[in-house]
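Trainee: Here is what each chain is made of, one letter per residue.
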Amino acid sequence: MVALENTDTAGMTAGMTIDVQAVSHSFELHGAPLPVLDGVELRVEPGELVALLGPSGCGKSTLLRLIAGLEPPSHGRILADGRPIAGPDPSRVVVFQDPTLYPWRTVRDNAALGLEARGLLRSQGHRVDEALALVGLTGFEKAYPHQLSGGMAQRAALARALVNDPRLLVLDEPLGKLDSLTRLAMQSELVELWRRAGFTGLLVTHDIEEALFMATRVIVFSERPARIKADLPIDRPYPRHRGDPVLTELRHRILELLGLAETW
Amino acid sequence: MSVNDTAAALPAATGGALPNGAPIPSALPLRFSAAALLWFAASGMTALWPDAPDAQEWERTGEFASLLLVAAGLLALAAPLSAILRPAPRGWLAATTAGLSASVPWLIALALGVIGWEILTAKLNLLPRPFFVPPQALLEVYLDDWPRLLDCFAASLRLLVTGYAVGSALGVVAGVAIGWSRAVGYWVHPVLRLIGPLPATAWLPIAFFAFPTSWSASVFLIALASGVPVTILTWSGVAGVNSAYYDIARTLGASQRFLVLKVAVPAAMPHVFVGLFMGLGASFAVLVVAEMLGVKSGVGWYLQWAQGWAAYGNMYAALLVMALVCSGLVTLLFHVRDHLLAWQKGMLKW
Ligand SMILES: Nc1ncnc2c1ncn2[C@@H]1O[C@H](COP(=O)(O)OP(=O)(O)O)[C@@H](O)[C@H]1O
Ligand SMILES: [Mg+2]
Numbered sequence: 016m017v018a019l020e021n022t023d024t025a026g027m028t029a030g031m032t033i034d035v036q037a038v039s040h041s042f043e044l045h046g047a048p049l050p051v052l053d054g055v056e057l058r059v060e061p062g063e064l065v066a067l068l069g070p071s072g073c074g075k076s077t078l079l080r081l082i083a084g085l086e087p088p089s090h091g092r093i094l095a096d097g098r099p100i101a102g103p104d105p106s107r108v109v110v111f112q113d114p115t116l117y118p119w120r121t122v123r124d125n126a127a128l129g130l131e132a133r134g135l136l137r138s139q140g141h142r143v144d145e146a147l148a149l150v151g152l153t154g155f156e157k158a159y160p161h162q163l164s165g166g167m168a169q170r171a172a173l174a175r176a177l178v179n180d181p182r183l184l185v186l187d188e189p190l191g192k193l194d195s196l197t198r199l200a201m202q203s204e205l206v207e208l209w210r211r212a213g214f215t216g217l218l219v220t221h222d223i224e225e226a227l228f229m230a231t232r233v234i235v236f237s238e239r240p241a242r243i244k245a246d247l248p249i250d251r252p253y254p255r256h257r258g259d260p261v262l263t264e265l266r267h268r269i270l271e272l273l274g275l276a277e278t279w
Numbered sequence: 005m006s007v008n009d010t011a012a013a014l015p016a017a018t019g020g021a022l023p024n025g026a027p028i029p030s031a032l033p034l035r036f037s038a039a040a041l042l043w044f045a046a047s048g049m050t051a052l053w054p055d056a057p058d059a060q061e062w063e064r065t066g067e068f069a070s071l072l073l074v075a076a077g078l079l080a081l082a083a084p085l086s087a088i089l090r091p092a093p094r095g096w097l098a099a100t101t102a103g104l105s106a107s108v109p110w111l112i113a114l115a116l117g118v119i120g121w122e123i124l125t126a127k128l129n130l131l132p133r134p135f136f137v138p139p140q141a142l143l144e145v146y147l148d149d150w151p152r153l154l155d156c157f158a159a160s161l162r163l164l165v166t167g168y169a170v171g172s173a174l175g176v177v178a179g180v181a182i183g184w185s186r187a188v189g190y191w192v193h194p195v196l197r198l199i200g201p202l203p204a205t206a207w208l209p210i211a212f213f214a215f216p217t218s219w220s221a222s223v224f225l226i227a228l229a230s231g232v233p234v235t236i237l238t239w240s241g242v243a244g245v246n247s248a249y250y251d252i253a254r255t256l257g258a259s260q261r262f263l264v265l266k267v268a269v270p271a272a273m274p275h276v277f278v279g280l281f282m283g284l285g286a287s288f289a290v291l292v293v294a295e296m297l298g299v300k301s302g303v304g305w306y307l308q309w310a311q312g313w314a315a316y317g318n319m320y321a322a323l324l325v326m327a328l329v330c331s332g333l334v335t336l337l338f339h340v341r342d343h344l345l346a347w348q349k350g351m352l353k354w
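Listed in order, the protein sequences are those of chains A and B.
If you want my numbering, it's the position in the first sequence, counting the first as 1, plus 15.
If you want my numbering, it's the position in the second sequence, counting the first as 1, plus 4.
Excised from the complex, chain A in its bound form (with noise of 0.2 Å):
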C-alpha cells in the first residue's frame, strides 16, 4: 500500500482535539421537540480513535452530524482545537453510514470531489490516486458506483475522506453493511491508517467487538436522550487480537452497561 503524504505536520501532531462542551440538543418532531443529545461532555485529544457505542437511535449520528459542523447544537458548545465550530471544513471530514457516492462520477470523480471543490485538483490531483490505491481500488478509477461491490463503495468514500488530508476522521457506522469478512479486513486496514496517517479518529459503531478490536477509548451512551454512561480506556498495544482476555473482560462490562449482561 502507498502512504498518503502527510503534507503539513507529520505524525501525531496531525491530529485534532475535540471539546465537546454540555452540549444538548433536541429535534421538532410531530411539533413536541424531541430531546436527542443531553448535557454531553466529551473530550477528544489529538491522535485518540475514540468508538462511541449506544443503542440505536440514541443520538451518536446526531452528535457526529453537529461536530462535523452540519448544524449548531441547541445548547452548549463544541470546540475544534479550542476554537467554537462555525460550520462544516475539510478538516473535518466524515465517512456517512451510506456511501452516498455521486452516481454520475465515476470513482476516481467521486475521490476526487474535496479537492474540486477547493478548487486544489490541478495542484494535487496525484493524492486522488494515492487514496483509491490505499484503499485498494487501483483499476477501478473510471468504474461507475453502481458498477462496485458494497464494501467496495465504502472503501471509495473512504478514499474521498482521505484524500483532504483531514485532521478528524468521523466514521459514522463505516462497516454496517458489510460481509463479516469484508469488515473484519476493513478494521485492520483502518487501524492501520489510522496510526500512521495520525488523524483524530471518531468512530460510531454497534459492534462491540470492533470498538475494542480498534479504539483507544470507548464512550458508552444511554438510550435517547443520550447521555455519556461510562468512558473506558483500552490501554492495549496495537495490533491487537481479538482474542486477547482483557478485551474479553471489557466486552463483559460494556454489555452490563448496555444492559444485556444476560446474553453473557
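For the record, the hints were derived by calculation from the structure and aren't laboratory data.
Take the hints with a grain of salt, since some may be wrong.
Claimed, not checked - Pair by pair, the computed Cβ-Cβ distance ranges are:
| no. | chain 1 | residue 1 | chain 2 | residue 2 | range |
| --- | --- | --- | --- | --- | --- |
| 1 | A | TYR253 | B | PHE338 | 41 to 47 Å |
| 2 | A | ASP194 | B | ALA31 | 50 to 56 Å |
| 3 | B | TRP191 | A | SER89 | 29 to 35 Å |
| 4 | A | GLY151 | B | SER185 | 41 to 47 Å |
To be verified - Covered by chain A, per the in silico footprint, the following chain B stretches (three or more residues, Cβ under 8 Å):
| no. | region |
| --- | --- |
| 5 | 251-258 |
| 6 | 262-274 |
| 7 | 317-326 |
Here a beta-carbon is modelled for each residue, glycine too, at the ideal position from N, C-alpha and C.
Chain B with the ligands: place on chain A using the hints.
Mentor: Below, chain B with the ligands alone, put in the same frame as chain A:
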C-alpha cells in the same frame, strides 16, 4: 440499437426456428428475393398499367417506377450478399445487410402498401379526389417544389431551435432557482401553478399583438411551451435530491455555487430530460399552429397554403418530411440523453 443487435445475431445463428415463428436464417436470401420481387412488381405495375382514363394525367409516373426499380435492384443485390456474408464477418457491408435483413418484413409490407395505394388511386381512381393522390404525386412535389419545401423547413427549424433553446435554458435556470431558493419559490410557484396548465397556444392572439414581429411572438410561444415542463421537472428534480449529497459536499468544503452546479444540477438531470422530451413535443405543436396563424413561412404555412389550393400532394409530401424531421429531432435528444446519463444503472454501454 436492440433491433440491430437482433439482426446481427440473425445470420450468425445456425439453423433451428427462432422464437415467434420467424423463419430459419438460411431462408434469408429467399426472403430478400421475395421482397425484391414485390418491388419489381410494384415498379412494373406502375409503369405498364395505364392510368384510369377518367383520372387526371399524373406526371412523374415513369420516374416513380424507376425509383421502385432501383429499390428492387438493391434488394436483389442484397439477396446473394446475405448468403455470402453468412456466417457474418465484421464490417460495414455485413452490418448493413444485417440491418436490412431485420427490416425485410417491413420492406415486403411497404411494397404491398405502395401497390395497393397505386391501384386505388392512379390505376382505378377509386378514392375521392382531390383528397387522395397516388405516390407519384408526392415524388412530383419533391422534384418540382423542393426549393420552396427546403425554405419552409429551414425557416421552421430556425424558429423551433431558437424557441426551444431559449425555453429549455430558461426552464432549467428557473427550475433550479425555484428548487434552490425559498424566496424565488415563494413568488414563482403560484404563477407557475396558474399559468403552467394553460396551453401555450391560448396566448397566441396576445402574443401576435404584443410582440413587434410574428416571428418573435412565435419564439415566445415555443419557448413558453417548452419552458414550462422543463421548469417543473427541473424543479422537482432539484427538490428531490438526496440531502446527504449536500452534506457530503459541504463537509468537503463546497461553496453554494458548487452545490448548485456540481451537485443539484447533475443529480436532477434525469428529471430535466423528461421535461426536455415533453417540451420538445409541445414545441412541435405550437410551431405548426403559430406558422399557420401568424408567420408567413415554414411548414405550418406550407400545409395551410397547400390546403387552400387543394394541393393535397404537396400536403402529404410536407407531412411525410415533417414526420421524419420531428422523429429525427426526438432521436437526437435521445442520443444526447444516453450520452449525458451514461452513468445511470442499466444504461451504460462500454
Ligand atoms: N432531522 C431530524 N429530525 C427529527 N428527528 C431526528 C432527525 N435526525 C434524527 N432524529 C431523531 O433523533 C434520534 C437520534 O437519531 P440518530 O442520531 O440518527 O441515532 P443513532 O444513535 O442511531 O445514530 C432518533 O430518534 C431520530 O429519529
Ligand atoms: Mg446512526
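Trainee: Against this structure, judge whether each hint is valid.
Mentor: Quick rundown of the hints versus the structure:
For TYR253(A) and PHE338(B), the hinted distance range of 41 to 47 Å is not satisfied, since their beta carbons lie about 56 Å from each other. For ASP194(A) and ALA31(B), the hinted distance range of 50 to 56 Å is satisfied, since their beta carbons lie about 52 Å from each other. The hinted window of 29 to 35 Å between TRP191(B) and SER89(A) holds, with their beta carbons roughly 32 Å apart. Distance hint for GLY151(A) and SER185(B): a CB-CB separation of about 42 Å, consistent with the stated range 41 to 47 Å.
Under the rule that three or more residues need a Cβ within less than 8 Å of chain A, the assignment of the region 251-258 of chain B holds, with 8 such residues. Proximity of the region 262-274 of chain B to chain A, defined as three or more residues with a beta carbon under 8 Å from a beta carbon of that chain, is established by the 6 residues found. Residues of the region 317-326 of chain B with a Cβ under 8 Å from some Cβ of chain A number 0, which does not satisfy the need for three, so the listed coverage is violated.
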